[in-house]
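What follows is each chain in one-letter form.
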Amino acid sequence: MSDKKQTTKKGVSRRNVIKGVAAGAAIVATGPALFNIAKADGHAIKIGMPVPLTGPYGKESQEQARCAQIAVDQFNAAGGMGGRMAELLPRDTKLKAGEAATRTLELIEKDGADFICGSLSASVQLAINAVTKERKKIFMSISQSDGINEAKHFSRYTFHEAMNPHMTAGAVGRYVFPRNKKRVAFLIADYAYGHEMARGFKRAGEAAGIEVVAEVKHPLATKDFSTFLPQIQAARPDVLCLCNFGYDQLNSLKQSSNFGMKEQMLMVAPALLYSQRLSGGADPYEGVIGGTNYHWTLENSIASSKAFNDAYRKSNNGMPPSDYGGYGFSGVASLLKAVKAAGSTDTDAVITALEGLKYDNYKGGQRYRGCDHQSVQDVHIIASKSKKDMANDYDLFDILHTDSANEGVLRTCDELSKLT
Amino acid sequence: MANISLELLALQTFTGLALGSVFVLLGIGLSLIFGLLTVVNFAHGAFYMLGAYAGVFLIGLTGNFWLTLALVPVVVGCIGLGVERFLVRPLYGRGIDYPLLLTFGLGLVLVELVRITYGLDGVPFDTPKELRGATDLGFGFFPTYRIFIIGITALIVTALWLFIEKTSFGLVIRSGARDPEIVRVLGTDISKVWLIVFAIGTGVAGLAGVLSAPMRSVIPDMGTTVLVEAFVVTVVGGMGSLVGAVVAGLLVGVVVSITSLVAPELSDLSMFVLMALVLLIRPQGLFGKKGLMG
Amino acid sequence: MSDIPMRDTELQVSGNRLAGIVRSIARHRVLAVSAFLLLFPLIMPYEALAVNILIFGLFALGFNLVFGYMGVLSFGHAAFFGIGSYATGIAIVHLGLSWLPAILLGVAGAGVVAMIMGGMAIRSRGIYFAMVTLALAQCVYYLVYQMSDWTGGEDGLTGVKAGEINLGFFEFNLVDPTAKYYFMYVFVVIAIFLFSRILNSPFGAVLEAIRENENRARACGYNVLLTKWYAFVISGLFCGLAGSLNALHLSVVPIESLHYHLSGQAVMMSLLGGMGTFFGPFVGAMAFLLLEDIITTMTTHWPLFLGTIFMIFVLFFPKGIWGSVLHWMKR
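Residue numbers (my numbering), protein chains in the order written: chain A, 1 to 420; chain B, 1 to 294; chain C, 1 to 331.
Watch out, some of these pointers could steer you wrong.
Stated by the list, open to error - Here chain A is said to cover these stretches of chain C; the calculated rule only asks that three of the stretch's residues, wherever they fall, bring their Cβ under 8 Å from a Cβ of chain A:
1) 100-113
2) 150-159
3) 246-257
Claimed, not checked - Some chain B residues well away from chain A (every beta-carbon gap over 12 Å; in silico):
4) F23
5) L61
6) G63
7) I79
8) T135
9) I156
10) K166
11) G170
Please keep in mind that the hints were generated in silico from the structure rather than gathered at the bench.
All of these numbers come straight from a predicted model, not from anything done at the bench.
Heads up, the beta-carbon is just placed ideally off N, CA and C, and yes, glycines get one too.
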């Protein structure tokens, strides 16, 4: 009821904006009053979700928002927090850090969001984090990054539900390198996330005694990789680690298989994404090994996965959810669990509740580590199936191995605290 | 990479030429339209993207790569016809800023329309069976498909050159570029010439798009970076010069390729440094006529 | 570029009451903008949007000096905005300076870049000028991208916090949105005042002479190249201030502050508002950002609307919103 009142008010004020430019003073007088009401009227628990709904990763982030909504619906269906319902406010960041910062300010200043959860891409989440920590709002990040764990960016208001490149690349490296893959080449997207993945691989490689035979950095969002590939080919590696993401990954895979490189070496991609594989087709990805937080076939062994899949299927024509959808669901579900446990939306109380939370939202047991609020969780090693091995349209990956949740795969608290 | 062998250098140069031939295809259309219509077509990248999506659509319809390859330039060229007739034509005589700004807006609209029709994420597009795999060049293996692109580019460039230099219609085009008033006075319908040139320019962009589809992801955004690359090529070559577009396209390709070998992370920057250098030394581009844009 | 809307001050209308109001606004244009912007946040849905309009209005204003008043299209103005942002950010994050020297450093940094870019580009003309400025701005982009120890590279520069600002008689923090708006407001009003003075000076008249006929201006004995260069640098200073304020506004400097999309946005805002008019850039920035804010909450297809609106303006209202208002008044 109170919700409804508020949206109409908001609508009026928007129209005022247009009229106001021309008409002036009368509205100037009433304007502020409207907004003050809108701000104070905060009965719903509001979770702002800045994600890049448009742009190249629109599909992933729309999935994030869809799954987050499921978490909100489940919370509300269970009666909310003593009758107080939750509300999700998705906003488009256009995959730009500046836009994300503005949208986050909007969510906090105009909509009075209690929590912020979201984003995709490291630079965007760091921008959101900068805004939220200055304003002492909890930010639940659901996109991969190492930087956000480090003392330079971390604050007690920062939580990281997604895996980080260190643990993903490390897990993949620990699986691949000892299997007689000692000559290693790297193709690295030249930005923090790419470098972080390469560093994760190299750490894992030290133990396995790898030899780095080629290391090529390419600019972000490269369309044509042909000029980077001959030098890698000439180095004759056993394995090529693709430290890039999204379309960079798809393009480099497509083009390296044109060069006949797939027959010569194993392709490894730490962030092997479900929806990317779906849109890229089976051929370019066939046989590629990577890491993931989630694949829907986990439902065969994990009860919470089954429940999450079923909830998703119900509203999406029987399609299973994606890995990034899982992040969106789990990030919001954790926030709401903590709100329930704390019995309030007070920031400090919710932080305490989150720090003590042991949860199983969709993939088995997880918890947030004390020193960096990084979610400790299972990492799955997967291989992309060929077209003929797929049982159905969504049966994309084989799960080869699981690195079960443990702090040992993360960088130590001591190391992180020194990175200022 | 400390040890760069001669073979690798040869392969890298060849890679640059192959990359360059895509640049050539992109640059030609833009340069042609500018040379004759003095329209800076900011929707060029969008037409390239339309080519790829038209390819996706037609291959779904016909199942034949070669037929698709032949049809795409026609389809995209027809869209170009409509654009020139109804959107660009009212702006002639208003200075070069307005068509530029209009096509900029048009680019946004076209990309968004494709996004609405085909969705945000990419569409798969497989390399045709005949052209898969790699070919031994003596100094290294090279994807057969890319060799094929070099061939197609050579074919298109030759055909365009013959069309403009050897046919009577080409004569009208050339004289129209020099002085449209005189051509009109002599009784030729110059607006029809412009219409056709615009269609050819956009058609070639569409062809470049469908040729790129098997190598690069087919996504609505695919034209954005391509637009900038096409500009670099035409500006380096001299706006309006066909020869310039060919030479500059290959040059840019080789420069990018060699930079990728020595300092890969700077490969994107290299083409802009090249462009800045060329323009500072020769403000009208390598083959541009002086005072064209005066 | 023959049909650039006329300058507001040249407006000669009488009889019509509305036109009279417009004319007096045009006469006291600094006062009018200042008064409007003073009350502006009250009619905005949230302060961050008002601050954005302020900043981008200033950015478009600076850009308009070169594009609208001098008639030269530049695609490199993102460099000034971005360098203004980064210089301010680096001053605060790495050098530990306080807000005022940081802002001054931002403006100065943009000025230096504008001097260099202008010096290299000013000889080329027409579309080539647009392309040279684009190429040079891209070089700046990649340079900043690669210097990630100082700039944060792709991650952007985080931690740009002005902290408590103490003016001796008054203390406030930019985390408070209202304080932030009026803090920015002071800078923008000073900038507008200076801009108006520049336009009214003989220098401003030479600029328009160049726009109308470059050869005639040269024949009249004006040093056209030097005047162009001055205008380019001054324009860069204003855009640098806008960038500098943006760094304080967002408390991060995203790498896209240097992206050529931003240069394109300046063109769009100028065109939408009316190039070569004093109020045009602010009207354009306001229209652009308000529409964006409203439409993006309703649909994810904002570029479709943006592109369509843009095409409609090019085809039917080339004078832009404010330019068309002026034209209509004059009739």
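### Query
Which of the stated hints cannot be reconciled with the structure, identified by number in ascending sequence?
Failing hints, ascending: 1, 4 and 8.
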